[in-house]
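Visitor: In case you want the letters, here they are:
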Amino acid sequence: MYQYSEFDRTFVNQRVAHYRDQTARYLDGKLSDDEFLQLRLRNGLYIQRLAPMLRVAVPYGTLSSKQLHALAAISRDYDRGYGHLSTRQNMQFNWPAVADVPDILQALADVDMHAIQTSGSCIRNVTTDQFAGAAADESIDPRPFCELLRQWSTSHPEFEWLPRKFKIAVTGAKADRAAVGVHDIGMRIYGTAANPASAEIDIYAGGGLGRTPVLGALIRERLPVQHLLTYTEAIMRVYNRYGRRDNKYKARIKILVRALGADGFKAQVDAEWAHIKDSASKVPPEELQRLSQFFQPPLFVEQPDNAAALADLRFANPNFNRWLTHNISAHQAPGYAVVTLSTKSPGVPPGDVSAEQIDAVARWAAQFSYSEIRISHEQNFVLPHVPVSGLFELWQQACAMGLGSHNIGLLSDIICCPGGDYCSLANAKSLPVAEAIQRRFDDYDFQFDLGEIDLNISGCMNACGHHHVGHIGILGVDKKGQEFYQISLGGHAGHSGDAPQLGQIVGPSVARAEVCDVIDKILQVYLHNRFADESFLNCFSRIGMAPFKESIYAAAA
Amino acid sequence: MPQLLRKTEGQWAISEEPKSLWQSEAEWQSGQALLVAVDSEPSVEWLAASSISVDFPALTDGRGLSLAVLLRTRLNYRGDLVATGNVHEDIAHFLARCGYNVIELPEHKDLNTALQWIAPHTGFYQASVDSPAPVFSRTSG
Ligand code: SF4
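Going down the list, the sequences are from chains A and B.
Heads up: the first sequence begins at 1 in this note's numbering, then just goes up one per residue.
Heads up: the second sequence begins at 1 in this note's numbering, then just goes up one per residue.
For the record, the hints were derived by calculation from the structure and aren't laboratory data.
In silico contact screen, one side only, chain B against chain A (beta carbon under 10 Å); selected entries:
| # | residue |
| --- | --- |
| 1 | Val-38 |
| 2 | Pro-57 |
| 3 | Arg-63 |
| 4 | Gly-64 |
| 5 | Ala-68 |
| 6 | Val-69 |
| 7 | Ala-96 |
| 8 | Asp-110 |
| 9 | Gln-116 |
Cβ-to-Cβ under 7 Å is the rule here; a few derived chain B residues that face chain A:
| # | residue |
| --- | --- |
| 10 | Leu-65 |
| 11 | Ser-66 |
| 12 | His-121 |
| 13 | Gln-126 |
| 14 | Ala-127 |
| 15 | Pro-134 |
| 16 | Phe-136 |
Ideal placement from N, C-alpha and C gives every residue a C-beta, glycine not left out.
Input sequences plus hints: build the corresponding full structure.
Guide: Structure representation (structure tokens):
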């Protein structure tokens, strides 16, 4: 993991001091609500429907045990004893008091963390593959490059006041678990760990979900990595100068890319880049080596062959067997596994975790996973380096703490934004919909039979729940003051290594009470039409929308 | 008298100065003080201005920051660069790093606060007009 230098520590402490003074001036009446709004957003503080919400940056989703324990302590000391894993790999607290936030930020700074640029119209926390540095299908660990971008974008004087928020995602693996196609900038890195300075990057720009979902255009192929910052700077400058500022719904970079055309946009970026290509921001190879050192894999020890013992345990414990089937991913090192701990069980909002659970995950990481934890954008915890011999014990402990659900990738592993229960932008509630679906389709055998299905729910067009890229997407809409839900099918974020695809809307939106029935009909159409073990997505692309439409709306017509 | 901060020989201080006679781009002639909008395209002709002032429509409008960077690094403009309009005391440090050497605050604003926070950080991650070396050129090697 990246380790803060004295420079980083000083920087974050100075930022806390500045924000402490801003808060004091605000509480003193010297800053207006509007002025303070802009300052607090850039330090992670939203005011939501019920209370403030503080979004803590978890750079590219990576945390240490010590940091996770600190987050548990913050949730106890300043919140109601729980936290929320966001769809952008961050941790959110829902009930802090405005006056306490400087102290919370100091508590974060004390464990080398911050909440800088987690909201507001600026460059947000860079996200990546939650399995980075562990996944078997990875060509190069993207995190050194994410860290380079994190440092460069932190308090960047020129790009702190953009037309709109700006999200960068990076991947170094074959399967795109970072969804680079639906980000303002998406980066695909190719290279080898041995020589990070010779890595190359494909750069996509103008992707995004929200009101106008669109996939990013490939504007630069195989950019040598030393140009990573200068090329990003060129994109940011073109966007900062020419992105629309008159209408917040047209202010994202995707609108600019569309207005200029991908080629026109690329031409402007290239023209700008020609001026700065060899500036001081060109990254020296030593810097890439230096950053890569922080992300060296742990010293894995050779594991005894315990295949027989494991097979016995699987046989004796059906749920353990299921957990191994769904929650474990292949690791680069023999004898190790990547474990995803699911936060999804009926009655608990997806991504919500209690202080006790947070502490437990931090302890398990220390015991089983070299003190390293990841947060996935599917709102689950990941322990990236668990020896296979420790899996059974870890599973037992996870079950005892309510984190043992064996449902990763299944219907009940729902991605869901906070929606109308918390978010003041919402058109409709999302959490009760998630819960109703989880309860209705609680039967494991049914879920297992369905196989992999991503069901994503957003409470409004802003698409924090990534509904466009759900195999089944649910979007809350407002119809004359009533909560309705629009269902889409066939979206995916590019998980299987294919190019991502946006879902298609099935038809008129439905009332909340009908959502579960509609989902049931969709699933039945799939089950009746699939060939052998054909996945939901493949079946959908083969048979198309018509049979689903027919089944859902037939009776009404 | 406009209230402003001025940087002289690397030091920021509160300064009382008579108001300049700014001319908009349409009326301006070489040798005069030029007032431009944040969305102007910088032109080499501007180098003949006695000083250049950029009018910020809102504290959230970052176009004036990119404009300053272009003036300082692309056109190598060396004269007074003034941020004016809706300029905020907590944004002053960004303006300074992008190359403004004069920061004019609206009348109801407290110059002392702006001066106090003109440099909240002692070091920076990225290169900018006022600190041209990024952090890695100082840490590596
Ligand atoms: S999708 Fe809408 S309702 Fe949900 S969290 Fe985002 S802004 Fe709020």
